[in-house]
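Enquirer: Start from the sequences, fold in the hints, and give me the full structure.
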Amino acid sequence: MKPARVIYHLARADFLERVRRYSFLVMLGLASLLGYQTAVGNVRLQLGDYRGEFNSAWVGGMMSIIATFFIGWFGFYLVKGSVARDRETGVGQIMATTPMTRPLYTLGKWISNFAVLMLMVVILAIFGIVIQFLSGESTQVNLSAYLLPFIFIVMPLMALVAAIAVLFEAVPFLSGGFGNIVYFFGFIMMLPLIMEQDFINTYPAIEPMGLALLKADMAEEVIKVFPDYGGSFMLGGMDTPIIGTFTWTGIEWTPLSSLPASPSSVSRFF
0 MKPARVIYHL ARADFLERVR RYSFLVMLGL ASLLGYQTAV GNVRLQLGDY
50 RGEFNSAWVG GMMSIIATFF IGWFGFYLVK GSVARDRETG VGQIMATTPM
100 TRPLYTLGKW ISNFAVLMLM VVILAIFGIV IQFLSGESTQ VNLSAYLLPF
150 IFIVMPLMAL VAAIAVLFEA VPFLSGGFGN IVYFFGFIMM LPLIMEQDFI
200 NTYPAIEPMG LALLKADMAE EVIKVFPDYG GSFMLGGMDT PIIGTFTWTG
250 IEWTPLSSLP ASPSSVSRFF
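Using numbering that gives the first Met the number 0, read the sequence shown as starting at 0 and increasing by one per residue.
It cannot be assumed that every hint is accurate.
What the hints assert, rightly or not - DEER-style ranges, computed between Cβ atoms:
no.	residue 1	residue 2	range
1	Asp227	Leu29	33 to 41 angstroms
2	Glu219	Tyr21	38 to 46 angstroms
3	Gly135	Ala12	41 to 49 angstroms
4	Ala12	Thr246	41 to 49 angstroms
Just so you know, the hints here were simulated from the structure itself, not pulled from any lab data.
Yeah, the Cβ is synthetic: ideal placement off N, Cα and C, and Gly gets one too.
Expert: Rendered as structure tokens:
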């Protein structure tokens, strides 16, 4: 059997096994709940006292941030464990007797992880279109402006999370609970570094979540309309009232990008 067919059948079988598990249904339900909470306004993105008009670019940017934060953080625990299940059920021993090599097995697991994570991203992306129509602020859907943040930010991050999950399972001391703790606190500690480090602001491609890039581009627009903007960037509840809106048309995606200088900021997630 050709390697491509081996990888396809392994990834497909693993994907179907996962989506039938209760843990996946719970995570899918949480993703749907998160999309609903965003649709009714209980979760929103704002820059200080201001937010963008609910056009395709703003909603796409907001939903991509939500996807990277929540699915990038908690999706790891959903996809991690498939290798351990193969060991416990004896599937791994059976595969060891076949011509399948370790690289092919690892690649198949990574593809399966990526597919599971992207399925949840698709759920949030669908909710985003609904949010734009419910807001009534802009009824024209610009698919390019809406989807590009998912393509250039969310998809690469999901690929990275899928690979980290496989890597953690391949390293013995990271395959269990200790690895879960390392990822949990590593993700938390990465957020302030992403938003504040000058090196990352200068080289946004190194920042896997795209938060600094989106924040800087949005801040550049809000300052044009509201010069008193202090630089804060918040994703969360409605404890800070909105006193003005601005129009953000999205990032002009180029192979090489640098972030504009921005005022000192306070970033907060919930």
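Enquirer: Give a verdict on every hint.
Expert: Hints, verified against the model:
Separated by about 37 angstroms at the C-beta atoms, Asp227 and Leu29 satisfy the suggested range of 33 to 41 angstroms. Evaluation of the 38 to 46 angstroms hint for Glu219 and Tyr21 yields a pass: the beta carbon distance comes to about 45 angstroms. One distance hint, 41 to 49 angstroms for the beta-carbon pair Gly135 and Ala12, holds here, with the actual separation near 45 angstroms. Evaluation of the 41 to 49 angstroms hint for Ala12 and Thr246 yields a pass: the beta carbon distance comes to about 47 angstroms.
No hint from the list above goes unmet by this structure.
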